[in-house]
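J.: Residue strings, one per chain:
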Amino acid sequence: MIDFQLTDKQRQLKDALEGLGRHVVRPQSLAWDRDHTVSEAFLRQFMGMARAFAGEGSAERFLGTGEEPGAGHGADRGAPRGKPSQANRTAAVGAEALAWCDAALLLAMPGPGLGGPPVRSTGTPEQRQRFFGIFKDMSQELRWGAYGLTEPGAGSDVAAIRTTCVKDGDAWVLNGRKCYITNGARAAWTVIFATVDHRLGRAGHRAFVVEKGTPGFSVGKIEDKMGLRASETAELVLEDCRVPEANLLGGADAHASKEGFMTAMKTFDTTRPLVGAMACGIGRAAYEHARYFVRERYLLSRPIPRYAALAERLARVGRRLEAARALVHHAVYLADLEQQNAKEASMAKAYAGQAAVHACTEAIDLCGAHGTLAGSDQLLEKWFRDIKVFDIFEGTGNIQRVVIAKRIVSGLKAF
Amino acid sequence: MLSFEPTEEQRLMRDSVGDFARATLGAHAREHEAMRGVPDAVRRAAFELGLGTMDLPEDAGGQGLGLVTTVLLEEELGRADAAAAFALAGPGAFGTAVAELARPLERAALLAPFASAEAGHARFGAVGWSELRPNAERAGMSTVAVRDGAGYRLSGHKAFVHNAGLAERVLVVAQVEPERGWDGLGAFVVPTDAPGVTIGARHATVGLDCAWFGELGLDAVSVPAAARLEPEGSFTAALVRFFAKRALVVAARAVGLAGRAYDMARSYCDERVAFGKPIGHFQAVAFELADRHMDVESARWLLWRAAWHWDGAQPERAALGASAAATAHALEVAMRTADACVGLHGGIGFVRDLLAEKLMRDAKQMALACPTALLCDQLAAAVEVGAPLDPAAVLPTPEAQAIFVC
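Going down the list, the sequences are from chains A and B.
Numbers 1 to 415, taken from our numbering, label the letters of the first sequence in order.
Numbers 416 to 821, taken from our numbering, label the letters of the second sequence in order.
By construction, these hints were calculated from the structure, which means they are not laboratory data.
Treat the hints with care, as some may be off.
[Claimed, not checked] Not everything, but these chain B residues come out facing chain A in the computed CB check (under 7 Å):
#	residue
1	418
2	422
3	695
A virtual CB, placed ideally from N, CA and C, is assigned to each residue, including glycine.
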């Protein structure tokens with residue numbers, strides 16, 4: 001049956017997270033943004049609260065704090081047949097609500113993060129146990145995982161990575177640089193993609209779990225970014241870094257074909273709708289801020305001629321966000337049904353990224369000069385800075401359109 | 416629980432209406448365009464399928480299928496030939512208006528003729544709302560209804576009336592209390608054969624050629640007091656509900672048209688070869704297709720969501736907001752997609768050998784066949800900021816933007 005009602009649990013999760021956001025998270029957001037970090041004490045406290053609200057499974061999924069069954073098709077474990085899981089839908093609701101509070105906080109949460117999906121989908125049982133095991137008990141020490149694919153010369157064109165891996169006895173020797181790695185400096189391990197021979201293209205790719213402290217593995221520059229400043233973005237350097245054979249993700253067999261590259265891509269099918277959901281959360285925050293401003297300034301005080309024009313712009317922002325959310329919910333609905341959703345995931349991400357950028361830029365216009373002032377109760381300028389990267393990371397808007405185009409245009413392999 | 420799956424029953428209905436629409440409407444779209452209507456046999460077949468009364472409550476002679484099912488089926492009609500959908504018989508806007516504005520007994524009596532097995536397939540409804548120009552002296556309609564003994568006397572001129580020349584009865588909205596502006600309106604059911612009623616010439620329009628659009632003159636037309644419809648609650652609120660719900664039917668046809676335009680464009684981009692490869696293999700073309708695909712899908716989900724708000728008994732203001740957003744998005748998406756369809760076809764898109772140009776004309780006409788995107792945005796914003804629903808701002812008045820009420 002066609003239904004747009006959130007379940008009671010999803011509604012409670014949303015309300016609880018937004019309550020925390022309003023009273024606990026947002027008052028601190030600007031300070032975190034300036035300090036370039038969220039305190040460990042707060043992260044610890046927040047993890048506990050979110051888990052209590054969401055239930056273990058869903059919290060893990062949208063916080064990325066542990067090993068959970070993969071979303072969508074290809075999941076090696078899922079709900080029993082006949083009763084589709086709600087996990088992806090609940091995760092989308094949670095991700096939107098948490099990004100509505102503070103997207104940087106979500107990215108800074110301890111856990112395997114983006115490194116989780118490739119280990120989950122491609123790792124051997126031993127690898128999964130070993131690399132996810134460290135997140136089981138974080139009472140003494142918080143831990144993060146990371147995902148290292150992008151290079152200075154290989155962004156959207158991930159097949160062009162130049163980090164090399166050479167087999168040497170019972171180890172692989174890695175050389176290269178990775179950039180824009182979320183939680184890269186603090187991560188206990190990072191999934192690093194390298195190539196045995198760049199002329200082989202995708203077939204030459206290998207994925208390794210490289211542990212912090214491995215000789216030859218160091219942190220380069222920590223980026224000073226426009227937004228999401230409380231989230232750490234690092235450069236990683238590999239110089240004759242010897243990685244044990246046991247850390248080759250999936251073992252040698254998994255890399256006999258193009259599997260290595262597919263590992264990189266599989267990650268995105270599961271995470272793109274959630275990134276879209278996060279974009280909706282930031283966009284909605286900006287929209288609500290502007291809506292409040294318009295109500296206070298142009299409606300309640302006295303009728304001002306500008307109202308009709310502002311109302312129209314406000315409504316356009318609102319409906320574009322609704323359209324984005326509908327695409328996100330459709331993509332996660334398909335994921336819960338374990339149906340193919342690569343196209344829908346890209347549609348959700350592409351549309352939501354742009355809709356939310358539009359929402360934030362319009363919101364500033366609607367509020368005028370006030371919209372640009374920073375303050376603990378005036379986060380619009382921060383959301384405006386935070387949102388732009390949602391149309392860039394996890395595949396730019398244009399790359400999403402490449403993914404979509406390949407699935408709607410006959411016989412299209414590449415442009 | 417978030418779900419995008421129609422019920423089994425809805426799927427079966429959608430399939431049979433889709434089959435009918437493709438074979439009977441879609442396959443003859445140009446013939447119907449040329450004859451500026453659909454043949455009696457087509458109207459009869461549509462009537463027998465129950466199209467036309469599906470969204471009306473059962474106590475009003477309808478099938479009570481609800482708006483979700485209605486938009487699923489209307490999308491099929493729009494996909495086959497949106498113009499023909501406006502030429503089928505049935506109460507149409509008249510039915511929705513009566514359902515919102517009349518008391519239960521009245522509405523049953525007014526809508527029963529549309530369910531008649533013998534004549535229902537040839538009965539049309541009409542709503543006389545729009546006027547050619549705003550009233551220069553005061554807010555409100557220039558068409559007035561004046562108390563006259565036990566009844567009313569209506570005088571004025573209604574414009575852009577869908578089915579004016581086909582309907583036996585028109586629901587006319589006239590000014591009853593001139594001093595109250597847009598809050599002083601009243602609705603009257605006027606037989607088109609009443610003395611003083613004149614039907615203007617049929618308009619030639621840019622699109623939806625099948626649909627009958629024209630003007631309606633009212634020269635001291637006498638109607639009994641019972642002809643006035645008065646809802647139990649606020650008249651203005653009932654009017655807003657009428658426009659919002661009816662707009663979803665037009666929006667559903669718009670989504671159907673947009674889907675058709677997208678499919679045509681995509682197929683053509685697969686086939687047409689330029690510079691040695693299918694044009695869909697050029698990024699500028701493929702990205703345009705991807706954007707239009709996102710448009711069509713998102714428009715469909717917003718439409719379902721809005722219809723679900725009404726069927727699922729969500730708060731009225733939320734349902735109005737969702738309907739306004741869905742309608743505005745669908746109308747714009749239909750226009751963008753049809754425009755892209757013509758553009759991607761190149762020269763042949765401009766030629767009447769193909770349907771692309773018709774889709775573009777129909778899309779533009781449809782954007783004015785219910786409250787427009789601009790007006791929907793005013794309604795959505797009023798709902799969102801918690802403003803009172805000022806009829807001058809949220810209704811398609813002659814002061815705001817003239818529309819065809821379909």
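J.: Name the hints, by number, that the structure is in violation of.
T.: none
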